[in-house]
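Mind docking chain H on chain Y? Use the hints.
Number of protein chains: 2
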Amino acid sequence: MAAKLLDGEALAGKIKEGLRKEIEELKGKGITPSLAAVQVGENSASRVYIRNQRRATEEMGIDYQLHELPDTTSEEELLQFIEKLNKDPAVSGVILQMPVPGQINARKVQMSISPSKDVEGMNPVNMGMLVYGQAKVAPCTARGAMELLRSSEVELKGKEVTVVGHSEIVGKPITLMLLESLMESPTPTVCHIATKDLAAHTKKADILIVAVGKAGLIKGDMIKEGAIVIDIGINRVPVLDEKGNPVLNEKGKPKRKTVGDVVFEEAVQKASYISPVPGGVGPLTTAMLLKNTVECAKAQI
Amino acid sequence: MAAKLLDGEALAGKIKEGLRKEIEELKGKGITPSLAAVQVGENSASRVYIRNQRRATEEMGIDYQLHELPDTTSEEELLQFIEKLNKDPAVSGVILQMPVPGQINARKVQMSISPSKDVEGMNPVNMGMLVYGQAKVAPCTARGAMELLRSSEVELKGKEVTVVGHSEIVGKPITLMLLESLMESPTPTVCHIATKDLAAHTKKADILIVAVGKAGLIKGDMIKEGAIVIDIGINRVPVLDEKGNPVLNEKGKPKRKTVGDVVFEEAVQKASYISPVPGGVGPLTTAMLLKNTVECAKAQI
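Protein chains in written order, with this note's numbering: chain Y, 1 to 301; chain H, 1 to 301.
Hints listed in this document are in silico derivations from the structure and should not be mistaken for laboratory results.
Keep in mind that a hint or two might mislead.
No copy is singled out in the list; a pair is fine if it fits within one copy or between any two copies.
[Claimed, not checked] No farther apart than 16 Å at their CA atoms in a straight line, the calculated lysine to aspartate or glutamate pairs in the EDC-like style are these:
| no. | residue 1 | residue 2 |
| --- | --- | --- |
| 1 | K16 | E147 |
| 2 | K196 | E155 |
| 3 | K159 | D197 |
| 4 | K157 | D197 |
| 5 | K203 | E266 |
| 6 | K4 | E266 |
| 7 | K16 | E58 |
| 8 | K243 | E25 |
| 9 | K21 | E75 |
| 10 | K27 | E58 |
| 11 | K136 | E147 |
| 12 | K204 | E225 |
| 13 | K196 | E184 |
| 14 | K204 | D221 |
| 15 | K219 | E266 |
| 16 | K196 | D206 |
For reference, chain Y alone in the conformation it holds in the complex:
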């Protein structure tokens, strides 16, 4: 059996279409959603994020402001800068670009973003609302993975779900989202680095959600026949030829590709649905950033 692909690009497209309408309505009421991105210092990786964010927001009609602070900015100065954005009525949402220089505690600064402008869903208030099943915004990747899972239209009630990875912004929020319904939740098990027999847990999972960041972690024989597999890992690995040697690019350097945590070619033979990497959860992470931004703009009416 070859699994159906859970197409993140297509789903993200549909979600964005809905958001575009909401944004038009907001503009009709005189509100233009806006996202303020704060970048501290210079970083090539975050340059890429920023370019993508700018394109994604501007395509939607969301204002994008980039604030570039010098890499000597102190934590205190950054906190003050965030506080200014928190109070600025022209700003709907605030995002701190990662990474930040060593003198800054990124988590502390992220937590200081006002709950009502918290487009990454990382403020403790919004995390707490996840416990209560009442969150308006939530961590983008976790929320995106749930959207992709729901798009399979398989009933979640009573299903055995194994979540691999217990990070604060992916594994734990997903577990809370799975437990949202009082009467119709699935039964989640949260595995992680200290889990004694990971395969025993993945093999019994009707739904397997993997968010570790370790290529090759989940092999085909660890997957239950007919399971739904949501692969959240994003790993850059060398491309190998048939003999297992690295393929070189035109500059003579090892060619690299992006893979998830699941061995896709094996898993696709066992699963009923599977999210590919790239093209699965990734596009939804961006879509959820836009959705959170719109939610923040709506809450500020």
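What follows is chain H alone, placed relative to chain Y:
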């Protein structure tokens, strides 16, 4: 094998002893921890709670203030009253007595208690800090159950834990506390009313934590040999004689007793450690209310 009892009274006593020292130190700095209890309307059950709270706090040297509002109090009036207590520097902690009259959304009012005075650990901010593993205060029963579990001194790392019950103030917070450690967490599975095969999950649990409120739910044959069993249920049931008929009290009414969710007489033969009901988690719930109150007082220095 007969399980060792996890004695909640004894552990609560030890914890209170430590708290008493902390309270003395606080008083040395001119701070007297104080707990403001808000009772709306008249209710015989909450009378008992209040009497117990008053005794427990006053024994510790914590000031106890009871605020009695009429049962016609509106939600808005109650929110304003809470706001006054939130701002009162003489108040370290605030607790809303349950139940409240029907015109009041209890959860909404509980959430309005300032995070820094949140002795029940129910404000979303504090719930969110549980996700981050950094909570200073946490829901009393969940925290008490974890203290009792830890008192067994059994290593949690890598253990299979089954949590039965996914309530917002017990099952979910316990799960988050179990997942607190990055490298040394146990592997929790959260079961609930929609779980398809509860016994399959309880039978494989090295640690079984039950918080449902249903007498007789967990029978001996559902428990793994040598498991640790933490029974959080508190149920009032009729006392039956050998023939299964209700025993009457001196007034001719059915005599009642308090039991947990676990069939104790059966479970005690299978488990290595078990928390009795009463005398297990119950006394720790009160001790954690005191601990949270002291934490709040310390945070206000």
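These are the hints, each one checked on the structure:
Taking CA atoms no more than 16 Å apart as the test, K16 paired with E147 passes inside one copy only; the shortest distance there is 13 Å, against 47 Å between copies. In the homo-oligomer, the alpha carbons of K196 and E155 lie at most 16 Å apart only across protomers (13 Å), although the nearest pairing inside one protomer, at 29 Å, exceeds that limit. Taking the shortest Cα distances, K159 and D197 sit within 16 Å of each other only across copies (10 Å), while inside one copy they are farther apart (20 Å). When the C-alpha separation of K157 and D197 is checked against a cutoff of 16 Å, the pair qualifies only between copies, where the shortest distance is 13 Å, while the shortest distance within a copy is 25 Å.
Only within a single protomer do K203 and E266 lie at most 16 Å apart by alpha-carbon distance; the minimum there is 14 Å, versus 32 Å between protomers. In this homomeric assembly, K4 and E266 come within 16 Å of each other (Cα to Cα) only inside a single copy, at 14 Å, whereas the closest approach across copies is 47 Å. When the C-alpha separation of K16 and E58 is checked against a cutoff of 16 Å, the pair qualifies only within one copy, where the shortest distance is 12 Å, while the shortest distance between copies is 58 Å. For the homomeric pair K243 and E25, neither the shortest alpha-carbon distance inside one copy (57 Å) nor that between copies (70 Å) is at most 16 Å.
Taking the closest pair of Cα atoms, K21 and E75 never come within 16 Å of each other, the shortest separation being 38 Å inside a single copy and 36 Å across copies. In the homo-oligomer, the alpha carbons of K27 and E58 lie at most 16 Å apart inside one protomer (14 Å), although the nearest pairing across protomers, at 58 Å, exceeds that limit. For the homomeric pair K136 and E147, the shortest alpha-carbon distance inside one copy (14 Å) is at most 16 Å, but the shortest distance between copies (33 Å) is not. Proximity of K204 and E225 under a CA criterion of 16 Å is satisfied intra-copy only: 9 Å inside one chain copy versus 22 Å between copies.
For the homomeric pair K196 and E184, the shortest alpha-carbon distance between copies (11 Å) is at most 16 Å, but the shortest distance inside one copy (29 Å) is not. Taking CA atoms no more than 16 Å apart as the test, K204 paired with D221 passes inside one copy only; the shortest distance there is 11 Å, against 22 Å between copies. In this homomeric assembly, K219 and E266 come within 16 Å of each other (Cα to Cα) only inside a single copy, at 7 Å, whereas the closest approach across copies is 41 Å. Taking CA atoms no more than 16 Å apart as the test, K196 paired with D206 passes between copies only; the shortest distance there is 12 Å, against 20 Å inside one copy.
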